[in-house]
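Q: Sequence order for the protein chains is A and B. First residue of the first sequence? That's 1 in the numbering used here, and the numbers climb one at a time after it. First residue of the second sequence? That's 1 in the numbering used here, and the numbers climb one at a time after it.
Hints may contain errors.
Okay, the calculated beta carbon distance ranges per label pair [as the list claims (entries may be wrong)]:
{"hint": "1", "chain 1": "B", "residue 1": "GLU540", "chain 2": "A", "residue 2": "GLU217", "range": "27 to 37 angstroms"}
{"hint": "2", "chain 1": "B", "residue 1": "GLY738", "chain 2": "A", "residue 2": "VAL221", "range": "27 to 37 angstroms"}
{"hint": "3", "chain 1": "A", "residue 1": "ILE195", "chain 2": "B", "residue 2": "GLU540", "range": "28 to 38 angstroms"}
{"hint": "4", "chain 1": "A", "residue 1": "THR230", "chain 2": "B", "residue 2": "GLY738", "range": "50 to 60 angstroms"}
Not close to chain B: a few residues of chain A, all C-beta gaps over 10 angstroms, as computed [unchecked claim]:
{"hint": "5", "residue": "SER85"}
{"hint": "6", "residue": "LYS250"}
{"hint": "7", "residue": "VAL306"}
{"hint": "8", "residue": "GLU315"}
{"hint": "9", "residue": "ILE319"}
{"hint": "10", "residue": "VAL400"}
Note that these hints are calculated values from the structure, not bench results. Just so it is clear, the structure is predicted and the values come from calculations on it, not from any experiment. Cβ coordinates follow ideal geometry from the N, Cα and C atoms, glycine included.
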Amino acid sequence: MDVNQAKQEHLLALKVMRLTKPTLFTNLPVTCEDRDLPGDLFAQLMREDPSTIKGAETLMLGEMLTLPQNFGNIFLGETFSSYISVHNDSNQVVKDILVKADLQTSSQRLNLSASNSAVAELKPECCIDDVIHHEVKEIGTHILVCAVSYTSQFGEKLYFRKFFKFQVLKPLDVKTKFYNAETDEVFLEAQIQNITTSPMFMEKVSLEPSMMYNVTELNSVACGDQGESTFGKMSYLQPMDTRQYLYCLKPKPEYAEKAGVIKGVTVIGKLDIVWKTNLGERGRLQTSQLQRMAPGYGDIRLSLEVIPDTVNLEEPFGIVCKITNCSERTMDLVMEMCNTRSIHWCGISGRQLGKLSPAASLSLPLTVFSSEQGLQSISGLRLTDTFLKRTYEYDDIAQVCVVCPFMSNEC
Amino acid sequence: MDKGEAHSQRPVSLEITVEDEAGVSGPTEEASSQFEAANQILTNDGLLAQEDSIDLGGTDFVTPQEDSSATPTESLLDRLNDQMMESVMISDSPNNSEEDDVAPIDSYLDGGEQENATPENKEEDSEIGQNSTEIKVSVDQLEEECSEQETKEEQGAVQQVTAPVSPQVDTPGPSPNTSEDPEPLSGTGTGPKDEPVPVCTIFSQSTLPKSLAPDGFQPTLIKSPSFTMGSAGGSDEAVTPNKLNRPLVCQPSPSLSKFFADNGQGNPASDFFDSFTLQSSFISVSNPNADLSPGGGPPPIPLTNERHLSSTSSSISTPGALLDSAAPSTSPVFFLTSAEPNTNSQPLPPQTASAPVPAPVPVSATQPQPFNQLQAVFSGSDDPFATALSLSEVDRRHDAWLPCEETRKVLISVATQQYSPAYVESNKLTMPGLKFDNLQGDAVKDLMLSFLGEQAAMRRQVLTANSVEQSFIGLKQLISTKNWRAAVDLTGRLLTAHGQGYGKAGQATSHTTDSLQLWFVRLSLLVKLNLFHNAELEFEPFGNLDQPDLYYEYYPSVYPGRRGSMVPFSMRLLHAELPQYLAKPREALDRLHKLKTVCLAILENLEKSLAEDGSMITIAEENRQASLKLWRSRLSRVMYSTANCLLLMKIGDVKTAERYFEDVEKAYQMEGSNVSHATCVLMNRAFVYLSQNNYAEAHATFLEVLKVDPKNPVANNNAAVCLLYLGRLKESLGQLEGLVQQDPALYLHESVLFNLTTMYELESSRSTQKKQALLEAVACREGDSFNTQCLKLV
C-alpha cells in the first residue's frame, strides 16, 4: 500500500498472461432415468447446456475451450508463450509508446518483442497487444521484463517496467546404462522418467548415434507387418512413471576394424525426446552426447571367438582365442596355461606366439577339458611379453556348462 | 501493503511474482482491493500481471518507490540488473564443460552417477556403468536457424494427439426414453406420431402387430393367464379373497405414519407427505414418473372421464400435476401396454401366483383403452389385483438387481418368513440421515450484496425452498429453474418429514420408493453443485447400496410380492461415480466395474431367456427385448461413466477411453454412427490445428463451422479464444461480449463467462466494473446453482 501511494499513477496499464494451451471445459454429468423422480429434468438441463457434446451429453469432456486458469508449470523444452497487453486506462491520448519484452535467464537476456518500433499514439481504452513465444532452453529462474515507455499528452516522458518471475522445471529424468557385448556391440538402456505432475504422450524417443555407430532400436516386438511397441498401444507416461528404452549400437565396419583401437571415452550419440501434453502442447529435449568409457583392455585384449556352451565331463573341447595387441608397441608373446582345480589345458604350455604389432591380432585354437561338473569358469591363461617381461593374466575368460554324458545310474 | 509484508506473505514456491519498479497501479483504493484479487490471481488464476508485487529472491531490493516514473537512471538499471542477476542465479550453476555452444545447464543427474558407482566397479568388464545424462535443449544444429523456423518445421511432423471425441452417437443419452418427442409414449418407429393425443397414440400403438415390437420399455404385456381370463370375463366387480388383504397393502410406511402422528401439524411437508402416501396406497410399489415421458404432451386426464370410471387419480389436482408431479397414482400408466391382447400363456410370475382369482380387469383384449383409464380402473376397482398388477414387467425390469449372497439370504428368509425384518441385525440396515441442515443460500445474491449493494441484491428474485409447493412438484420446479441449492434444501425438508432428517443417521428407519428417490435427487444435486464431500458424507450410511432393507422383498407387507432394488439404478451410478470427484478415481473404477458386472450378468440372464435376476420366469419376447434394451442402455451408461473416470485420471488413458466409447457405440448399435456431420468434421479439424499451435487456421475453421451453424455456441466461443491467442484481444472480447448480450440463454455459461472475465482482467485494470455488469446479467437469469467462481469477483 505504501508503495502504491508513493507511486505516480501511470496512464497505461500493462497486463501479462501466460498463454498455455486452452483447456476443454468439463462438466459433471449426473443422469437419472425417466422413472426417477426428476424425470427428464436432468437430461434436459444437460441438453440445454452448450458445453456438452450433442449426442454424448453424458461424456464429461466438452468441446468448449477455456482460457488457461493458472500459470501452471513450465518445463524445459516447452515453449513459453505470453500475452502482453498495454491498455490506455486514461482519458488522454498517449504517444510514442514503446513496449519491450525481454527474458532474463541465468545466462542471457533475450529480446522477445515482435517489433521494436514505437507505436505513434494510443487512444483511450485502446490497447497494444503482443504475443511472445520462447522455447525454453534453460532450467531455473526466468524473469520476463516488460518495459513501457511513452509520452503523455503534455510531453512528459514516462517509463515503467514490470518483472515476472517464473521457474523452469525439469520434465524428465534420464538415466542411461551401457552394456558391452563381446562382439563390440554396445547396448544402451535408457530410463526415462516423467517427473512432471501430468501425463505425457511420448511422441518420439530416438537415439541419434554418433558417426561411429549404427543403431538398432529394440523397443518394438515384431508382430506381423508392423512392430508393436513394447509399451503397448498406449504412449502415455504417467507422472513419476519410468520407461526403459533399449538400443543396440554396432560400430560401423570402418571403425570396427580398428576395434582394438577404440579406447577410452567414446561418444555414442544422444537421445532425442519429443512429448506432448495438454492439447498438443509440445516439448522437446535432447540429451547431451552420451559417452561411453570403452572397456579397458589393457595392453593385450584376449577375447573368445569360439567356445561351446555345453561340454561333456572329462572330454576335451576346443576353444578359439583372439589375441589383440592394444598397445602402441610391438610385443613378443609367450603363452602359459595353468590348470585350475577343474579346468585342465591340453597342449604345451609356454609356447612362443611370435611378434604381434600394434592393433594386430591372432587367433589361437586351444584344447581344454573339465574334471568337474557344473558351470565351470575357464581360467589360467598367462601371456608374457618378453620385451618388457610383463605378464598378463587371463582368468575367468568364459564359462562352460559341464555335464555328465552318462545316465545317472551309470555314474 | 508494504513490500516487506508482501514478501513475507508469499510462499517461496510461488511460481510467478511481479516486480514493479515504477508504480503503475491505479487509484489506491482500487489497488488495495485488487491486491487481494491479485494474490489469488497469482496463486490461483495465473494471471501474471494483476498486481505489482515484489519478489526478487529475497534480496533486499529497496528501490522501487524512489525510481518511480519518468527517467530511470542508468545506475538504477545497473543496480537492478545486479539484483536480478543475483537473485536469478539460484543454485544451478551453469556447467560450461559442454563442448557445444548452447547455454549449458547444470548437470542435475550427478547424483545418479555416484549412486551407481559401486555396481560399476564390480562388473567392469561387461558394463561401463550407468551414467547419468545431462539433458540439454536440442539446439545443437538448429541453433543457427531462426527459432521460428525450427518450430515450424518440427510442427510439420507433429501428430495430432488429442482429438476431441466427436459426438457421433446420435442418441443423447443412454435412456431411449428421453426423446423430446412431445408424444410421451410413442415408441420409435411405431404408432402414428401425428396423433394429437398421446393416449390415443399409445393405444394405437398397442394395437399394432407384435412384430413391431416398440423399442421403449412401455409396451408390456400382461402375462398372467389369469389376467387374460379375467379380462375375458370382463368383470369389473370381481371380488377376490385378496381384497381382505388390501388394507395391509395400502399401509403407508410406518415411519411416515409415525412422523405424521408426532409432529405433523406445523410442517408443510406433512401435507405433502400425507397426500402423497395416501395416494400411493395402492400404488406405493411404483415409482413416481415411471414410464412417463416427463414433460410430455397433454395430460391424458380428460380421457379418464370419458369412461366414467372411478379414479383415485382425481386426487391429483391438475392435469399438469399428473405429469409433472411424482404423484404415484400416475404410475399405473405403464400398464397401458397390457391392453394388448394377451395371447401368451406363460406361467404366472411367482409374485402374482398368490392371486388366484382372475383379475377383474377391463383390460379387454381388443378394446382400446387409454392407459390412464386403465389406471383409473385399477385404482377404482379396489381390487388387490391392482397390487399384483404393479408387479408388472416394468417394475421388475427396472428394479432388477443382483444382491450379494449375504443380502440374498436375508431377503429369502424374510420372504419365507423365517424371521421378521425386525430381527435383522442393525448393522445390516441402512440408516441414513441428513448430515447438514444449513441452508444453501444464494451465492449470486451474496456477490451482489458485496458489489452492487443491498438494493440491487433485493431485486434478485429466485425461487427458494419456501416459495414452492412442498412436494415433488415444487422440487421439480426448483430443479428446472436451476435453483439447485433451494432444491437441496427442499429435499432436506421432505426427508426430515420422512424421519431421515438431520442427525437421524444411525437410527432405525424404513425406506420407501419415494424416500430413496428423494435421497437420489438430493445427492445428485449435491454432486451437480460440486459439493462432493457433503454428498460423500450423506452417501456413507447407504454403504454399498446392497443392504437387505433396500430391497422390496424386505417389506413384504408394504410391497407385497414386489421384488428388486428400491435404489434407483441412477443412484447406484452416482454412488459409483462419486469417488472420482474426490480424487479416488480407482475406487470409482472399482465400483463402476461392479456395476458393469451386474449389468452384464443381467444381460446374460436375459439372453438365456431367464428373468433379470436369473429366476426361471418365462418372459414374453417383447418384454425380453425391452429388458435387454433397458439393460443395454444402462450398461452403456456405465461405460460412459467409466470413460469419464479414465478421463478424469487425466488423459492418461485416452486410448482406453476411446475403446470404451467404441463399446458404447456398439452397445447402442446406432445406425449411421460413422456418418459425420460437416460441423463435426470441421470441429475436429479445428482441434487438430489447435494442437499444432496453428491458431490462425483453427480460428478460420471455427468460423467455417459458424457458416454452417451460425448459432453454434462452442464454435463461437472457441473462435474467440483463438483470436486471443492471435493477439487480438479487443476483437475476441467484442465477439464474446456480443454473444453474451445477444443470446444470454446460451452464453451465460460458466465457461464463456470465465473466458470473458479473464479477458476483462487482461484488458484493463477496471475489470471489476465489467464483471459486475456480468453479475447483474447473471442475477436476472440464473438460479442459485450458478457457479459464481467463474466471475472471478471474489
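Q: Indicate, hint by hint, whether the structure satisfies it.
A: Checked hints:
Separated by about 52 angstroms at the C-beta atoms, GLU540(B) and GLU217(A) break the suggested range of 27 to 37 angstroms. Distance hint for GLY738(B) and VAL221(A): a CB-CB separation of about 56 angstroms, inconsistent with the stated range 27 to 37 angstroms. Range check, ILE195(A) to GLU540(B): Cβ separation about 37 angstroms, and the 28 to 38 angstroms hint holds. Here the CB-CB span from THR230(A) to GLY738(B) is close to 53 angstroms, well matched to the stated 50 to 60 angstroms.
For SER85(A), the condition that its CB be more than 10 angstroms from all CB atoms of chain B is violated, with the nearest at approximately 6 angstroms. The claim that LYS250(A) is not at the interface with chain B holds, since no C-beta of that chain comes within 10 angstroms of its own (minimum 16 angstroms). With a least beta-carbon separation of about 19 angstroms from chain B, VAL306(A) lies farther than 10 angstroms from that chain, consistent with its non-interface assignment. A cut-off of 10 angstroms between C-beta atoms confirms that GLU315(A) is not in contact with chain B; the least separation is 28 angstroms.
For ILE319(A), the condition that its CB be more than 10 angstroms from all CB atoms of chain B holds, with the nearest at approximately 18 angstroms. With a closest Cβ-Cβ approach of about 18 angstroms to chain B, VAL400(A) is found to remain outside the 10 angstroms limit, as its non-interface label requires.
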